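Dock chains B, C, D and E with the ligands against the given chain A, drawing on the hints supplied.
Chains as they are written, first to last, in the working numbering: chain A, 1 to 291; chain B, 1 to 365; chain C, 1 to 239; chain D, 1 to 337; chain E, 1 to 237.
Keep in mind that a hint or two might mislead.
Said to hold, decoys possible - The list that follows gives simulated cross-link-like pairs (lysine to aspartate or glutamate, EDC-like), each with its CA atoms no further than 16 Å apart:
(1) Lys184/C with Asp205/C
(2) Lys352/B with Glu165/B
(3) Lys272/B with Glu1/B
(4) Lys153/B with Glu129/D
(5) Lys160/B with Asp132/B
(6) Lys260/A with Glu129/D
(7) Lys214/B with Glu53/A
(8) Lys214/B with Glu3/A
(9) Lys272/B with Asp117/A
(10) Lys136/B with Glu165/B
(11) Lys124/B with Asp172/B
(12) Lys136/B with Glu156/B
(13) Lys225/A with Glu273/B
(14) Lys44/B with Glu24/B
(15) Lys260/A with Glu24/B
(16) Lys184/C with Glu29/C
(17) Lys40/B with Glu1/B
(18) Lys214/B with Asp134/A
(19) Lys131/B with Asp192/B
(20) Lys314/B with Asp290/B
(21) Lys253/B with Glu273/B
(22) Lys157/C with Asp182/C
(23) Lys157/C with Asp75/C
Calculated directly from the structure, the hints in this document are not laboratory data.
Computed from a predicted model, the values in this text were never measured in an experiment.
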Amino acid sequence: MFELTLQAVYSGLLAGGWYAMVALGLALVFGTMRIINLAHGELVLLAAYVAFEMERSFGLNPIAAIPVALVVVGLTALLVYFLIGRIRHDRELNSLILTFGIAIVLTNVILMTWSADIRSTSVGWFMDGAVIADTLFSMNSEVLFFGAGVALVGGTYWWLNHTWHGRALRAVSSNRNAAMLMGVNPARVEAMSFVVSAVLATVSGVALYTASVVFPALGHGLTIKAFVITVLAGLGSVPGVLLGAVILGVGETMTATFAKPSLQELTGMVIFLLILFLRPSGLFGRKVVGK
Amino acid sequence: ETFTLGSQVPLTGNLARVGTGMHEGISVAIAMANKELGGKHEFKVSTIDDESNPAKAVAAVEKLASEGVVALTGGYGSNIIGPASEAAAKSDLVYITSGGVAPELTHRDLDTFFRINNSEGYGKAMLGLLKDMGVKKVSVIYSNKEATDAMAKYVEEGLKEAGVEVTTHEFDASTTDFKSIMNKVKLRDRSDAIAMIGYENDYVGILRAASVLKPEAKAIVGVWSLATSQMNTEFHDLVQNVYGTSLLPYPVKFSGDEAVEFSATYKEMFGKEPDYLGQFGYVQTRLLIDAVVAAADKGEVSGKTVAQELRSLKADTLIGDVAFDENGDNPNFSHRMGQHQGDRVEIVWPEKAATAKMNFPAVPW
Amino acid sequence: MTALLDVRTLRAGYGSINVLWDVDLTVQEGRTTVIVGPNGAGKTTLLRAVMGLVKTSSGDIALHGESLARTRTWDIVDRGVVMIPEGRMVFPDMSVLDNLLMGAYPRSGRPRWKQNLERVFDLFPRLRERRSQMAGSLSGGEAQMLAMGRGLMEEPKVLLIDEPSLGLAPVIVDEIFKILADLKAQGLTVVLVEQNTSRALAIADHVNLMRSGRVLLSRPAAEVNLDRLHDLYFARETA
Amino acid sequence: MTMMRSGLLLGFLAVAYLGVPLLFGGMDYVMSLVIAALTIAGIAVAWALLGNLGGLVSFGHAAFFGVGAYVSALLVMDNGWPVLPAMLAGGLGAAIASVATMPALRLRGPYFALAILAYAHIFKILAVEFSSITGGAGGLLSIPGFPTVFGLDLASKTGAYVLILTIVLAWMAVYHAIRRSTWGLALRAMHDSELATRVVGVPSTHLKAVMLVVSAFMTGVVGAFNAHQISFLDPEYAFSGTWTVLPIAAAIFGGYRTVWGPLMGALVVYLLDQLVFKEIMPSGHQLVFGVLLGAMILLSPQGLMPLLARLGVARPRRETAPQAAAPHATEDGNARA
Amino acid sequence: MLALDDVSMNFGGVAALRNVTFAMDEGETLGLIGPNGAGKTTLFNVISGVLTPSAGRLEFAGKPLGKAANWRRARQGIGRTFQIPQPMHELTVRENLMVAQRFGAGRTDGRRIDEILDLLDLTAKQHIDAAHGLALTEQKALEVGKALAVEPRLLMLDEVLGGLETATKRAFGQTLQRVRERYGLTMIVIEHDIETIKTLCPRVVVLNFGELIADGTPDEVFNDARVIRSYTGDSAA
Ligand SMILES: Nc1ncnc2c1ncn2[C@@H]1O[C@H](COP(=O)(O)OP(=O)(O)OP(=O)(O)O)[C@@H](O)[C@H]1O
Ligand SMILES: Nc1ncnc2c1ncn2[C@@H]1O[C@H](COP(=O)(O)OP(=O)(O)OP(=O)(O)O)[C@@H](O)[C@H]1O
Ligand SMILES: [Mg+2]
Ligand SMILES: [Mg+2]
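So that you can see chain A by itself, here it is in the shape it has in the complex (with noise of 0.2 Å):
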């Protein structure tokens, strides 16, 4: 009893750490156009899928194929955010579409280029067992990705809250104008916040690339969890996302191991309605009132 609970908050604190870095790319898109691109699950699977043609092609190992895979998710996430930006109405909502349509793009080209044929690495090391004290089980491709998680998400964080350049990009999301009359750029800012995003989505591909496996079908799940991640925290609150990420995980695995498996998903959108209702505005949100 002892020993599953420890494993199943063990499992569900990498996963996560995983989804922790899943979401935030997401949500600091989020957090500073107030867009939700809907093709980041696709931008994350495109990035493993590098990976995977970096290891058939020239017997790299993922790791190596994160720097490759970075510039072609960076450009994609450029694309996007190019073409976001040629939207002039209502771009809340226009957005949904365009970035829908992009991620169905995406699919389809992965799908024609890759087939739908599951993928994975070969490189044996990464799904070797990595116990810690005979109790705790995990791959060490999880303990590496979960590490490089907190890292990422760590890194992000003090990046907001710390540099000039974070500051600024809060400012734009909080008040566009009034950030231009502070000297600030907004376009060159928020392209800042898709390369970010890009970087954290190609980091979490080649995880997911290293620990599971992957098909062109995969990536809408992706950003679906890694939206209601966003949404669980409050609009772009980082420790927010590792909380609700963390918190996502260990009631799936804890769901998993003291109740049914196949219920794992309305665990996470049962904690979703009650977090949403308990607290409106997300785990970090905050709200003001109108004077």
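Positioned in the frame of chain A, the structure of chains B, C, D and E with the ligands alone reads:
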């Protein structure tokens, strides 16, 4: 005379993989038949992606009907096949498939519906193997999709009847991390064997979780999509000693001429070893072609005549004997079990078809 | 004496609505230029046009004789022109401290942000008290102080201020005008839009009166008579 | 309504009710596609009503679609109800289900959108788990089809077409009527300034709740229609995200602030995709669909209707095409809390 | 007409209102003043039901307000403006008033709307999109208009005169007097301009740090030492 067969399969979305696999078999069947018929009759296939959506599948069938196809082959998922085959019946077209195993499908009084496999066939093989192993306790891990759910119920009941203790773990199709389940299997169930009922990505996840947690099972058994050449090459270490339904060993040692030719044609057309999806797609289409030819030779090709031909046929095929009952089901269908052994997939059950002895007890780690 | 900022026959507005009609405005270096005028005259619009926040349809704005026509808002800020908008233009979901730090975002303000922050906190102790509160939940007057304080963090060459005394208690209004006098003494160029005409005139070097999108009067402060100004102010719109 | 407008409307009705069946009645395939497109349109109208009037963007209309479908199918199969009343009951069921989602009305923007999505997920899982009633993951097969009414066999393609067409037009009429009322005015006012609207006496939450119920009812009826038309149901299908995504795409594509937009959007999006793109690219046609969606947003962001209006086909209406300046132009930027 | 008994409001650690108690009669005009952040707007929010007080009771027209929702209070006759104008988006100026009248007063009467528009000098702008296209003072006028369209018995004005030039302010003050007499209103006016308060309000209440520190005629209040120290400074003289 030229006949066009219609094919409605998923080529995009979640089921894109299986749909594509089946369609490859269909193409091989057409190519081989045309060669054999030597110009007397010519067959073509017209394919529409149903996007795993019943409404689109129905529309696809109707479109194919309006194009004048003589019969339909394809379909994946009982949910899709149900409405699609009803639409086919309305247009008086035979619908033959291997993609839907739900029992209800053959209890709808549709004269034009046929399928060459059913869940019992898979279930029987899995049960037979487990019983022969003499295991006392089995953990069944299954996806909550319609086909897997039905299969799991079947296996659970069968095992219980045989006095085997069973625990079940139902998971959601979107699950990727199976460590929680595997941990329960390891610490709570302590079972002799693990039965997996899902799809490729699920198997990989479950096996990885098992390799990390190393429960003390003696055998790991799965169903479709597992004892395949592709799994053997792509997840070589992970699947060692794992069992799954398989009609043929790998590398294929085909006995009959047809089998040899099938394998050669498949490799030529798609550059890879045929897998079970291709085999089923091939067999269903081949039977259909033969029935159409027979009906044509008797003078009239219609849903009724083709169905008649199919119902009266008794064939020895790549997947064993096929003969349809009045519901269009193939009661003869019974599967075999293969095991990944090194670079090979050996048939280990039933004994009379075995190509090697099973490694037991043995697990991948 | 050189004209630091020169607005020539400027027309500007919002979409299809034109607000400014051939406005001329000259701002001398080191002087305090005051713009007064009834509500809806286009004062705010003029300041916003200078900052590039409002599209101009004709005319030109020049800084040191160089046209700002194609310069975007943030580059204008980098060139030392800063606007302090009224209090609604704070960053509502950032803390008071972060709002102030945003004021130091232009490169000119960054090196001395610490001293400047202390100075602002000394001027408005209320802000020090509220440093970690979200700006959106400040009271109206507190937000106004914040906007002022944030502008003071920027160390500009030209400061455009829109109604700084709006919604402030009399004690604080006194404080604001003291600050304005200080800025003037330091030699900063200031353009001030203010409704408190008498107090504005007291620190003005030059006065402009706007009405209905036009500049009706532009005089050195010494030559302006408050009563005459009021007559113009309330004149029926016949001219 | 001007003479010309009513003339146009009559012409449209004539073409829709007589022209289409006469022209395509024999072509099952085309009729199937049109029926599917109208099904999407029905949801799209309901979605637009909630989105435009209630100011609530929902990502989970599949929830109401699925509930409506199940309620109707089960009433007919287990309790022997006639199909048409059962469909209305399906709508009612969805409306009742929407009451369960009402706590979500406290939420705004994406928070609301996702909360409804969560409900859709939960309903789906419940449908799987309560297998004794719903048939579980296996679903329901051979659901009875439509009856014959006034000599028109609704189970035929033409009959089903007339039925869904009538439903969609009825929903559009409801949308139109609500929008023109003072309620419509208040509802529009609420979007970005709910508090301001409340302090002048508008019970905004009640109004939104009513919109939610109406929208759910509409969606539920369409779901019930689909169940009897396809004669099959399973949780995966009934609560599929498709029932949310396609209608949203259609509504925005057509212009969700107009009454005709959702219908036009659904017809164009679905038929173009299935008839044209699928012909050109049998397996990757969704790619073209994605490009089309993106291009539309970039080229005519207010949707198809304003585009048509610009081309002189339809007359724009003031209330329907707000000349909202780009958000940057407002004094307080995009910072409306 | 309105009575507050021991009303407090806390935001986390900040006490925006502390045990505020006062009452006012029908037809009275009350000036509410105090330093920035004293809690004036918060008091309006509490009375109009935008915020729920942490403690205390409120009574309006002889009946306890209890937990009545803000829209219900509007229908009961409490009209208010926002210090930061909040026009109803997507509607024109006139439509703003129409909605307020239809829901707040429960009737439609175009003449009264014309009258309000005219009083507030908004007639020329009535078909303009209210969210965009109004100067700050015009937005404030619209705030007053909406509150009047509700046909309130109690009208609460939050710095609607702020940003007006001194003389204009005086003129607008007279307009408000007329409005009050015309519609028989009870009014609370928040205002920082001492002259305006003196001419408009026979009675003044002063808040400081959420506490009610003075209540009396303008003369009494502006000579109160605590008021001078915290609020008016030297300029009171
Ligand atoms: N949501 C909130 N969270 C924390 N503090 C708040 C919140 N809302 C208001 N306050 C604080 O409560 C105090 C009272 O605010 P209020 O708006 O009532 O002041 P006010 O008297 O109207 O001031 P002003 O004259 O400047 O408008 C202020 O110090 C303000 O910062
Ligand atoms: N965003 C906008 N879109 C359209 N018209 C606007 C906009 N903002 C202001 N206006 C109009 O432009 C005119 C001038 O407005 P502006 O805000 O410049 O006046 P102002 O002189 O600053 O007045 P105030 O003293 O009230 O602040 C007004 O008639 C107003 O209606
Ligand atoms: Mg102004
Ligand atoms: Mg206030």
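Hints, verified against the model:
1. Lys184/C with Asp205/C: Given that 16 Å is the threshold and the Cα spacing comes to 10 Å, the pair holds.
2. Lys352/B with Glu165/B: 28 Å, violated
3. Lys272/B with Glu1/B: Roughly 32 Å separates the two Cα atoms, so the pair is violated.
4. Lys153/B with Glu129/D: 14 Å, holds
5. Lys160/B with Asp132/B: With a Cα-Cα distance of about 15 Å, the restraint between lysine 160/B and aspartate 132/B holds, given a limit of 16 Å.
6. Lys260/A with Glu129/D: With Cα atoms ~11 Å apart, lysine 260/A and glutamate 129/D stay inside 16 Å; holds.
7. Lys214/B with Glu53/A: 31 Å, violated
8. Lys214/B with Glu3/A: 15 Å, holds
9. Lys272/B with Asp117/A: It holds: about 13 Å lies between the C-alpha atoms, which stays within 16 Å.
10. Lys136/B with Glu165/B: Holds, at about 6 Å.
11. Lys124/B with Asp172/B: 25 Å, violated
12. Lys136/B with Glu156/B: Within the cut-off at roughly 13 Å; holds.
13. Lys225/A with Glu273/B: Status violated; Cα separation ~37 Å.
14. Lys44/B with Glu24/B: Judged against 16 Å, a Cα distance of about 14 Å means the pair holds.
15. Lys260/A with Glu24/B: Not OK: lysine 260/A and glutamate 24/B at ~38 Å, beyond 16 Å, violated.
16. Lys184/C with Glu29/C: With Cα atoms ~11 Å apart, lysine 184/C and glutamate 29/C stay inside 16 Å; holds.
17. Lys40/B with Glu1/B: 7 Å, holds
18. Lys214/B with Asp134/A: This hinted pair holds, its Cα atoms lying about 12 Å apart.
19. Lys131/B with Asp192/B: 12 Å, holds
20. Lys314/B with Asp290/B: 11 Å, holds
21. Lys253/B with Glu273/B: The hint holds at about 12 Å.
22. Lys157/C with Asp182/C: Given pair lysine 157/C, aspartate 182/C holds - Cα atoms ~14 Å apart, limit 16 Å.
23. Lys157/C with Asp75/C: Given pair lysine 157/C, aspartate 75/C holds - Cα atoms ~14 Å apart, limit 16 Å.
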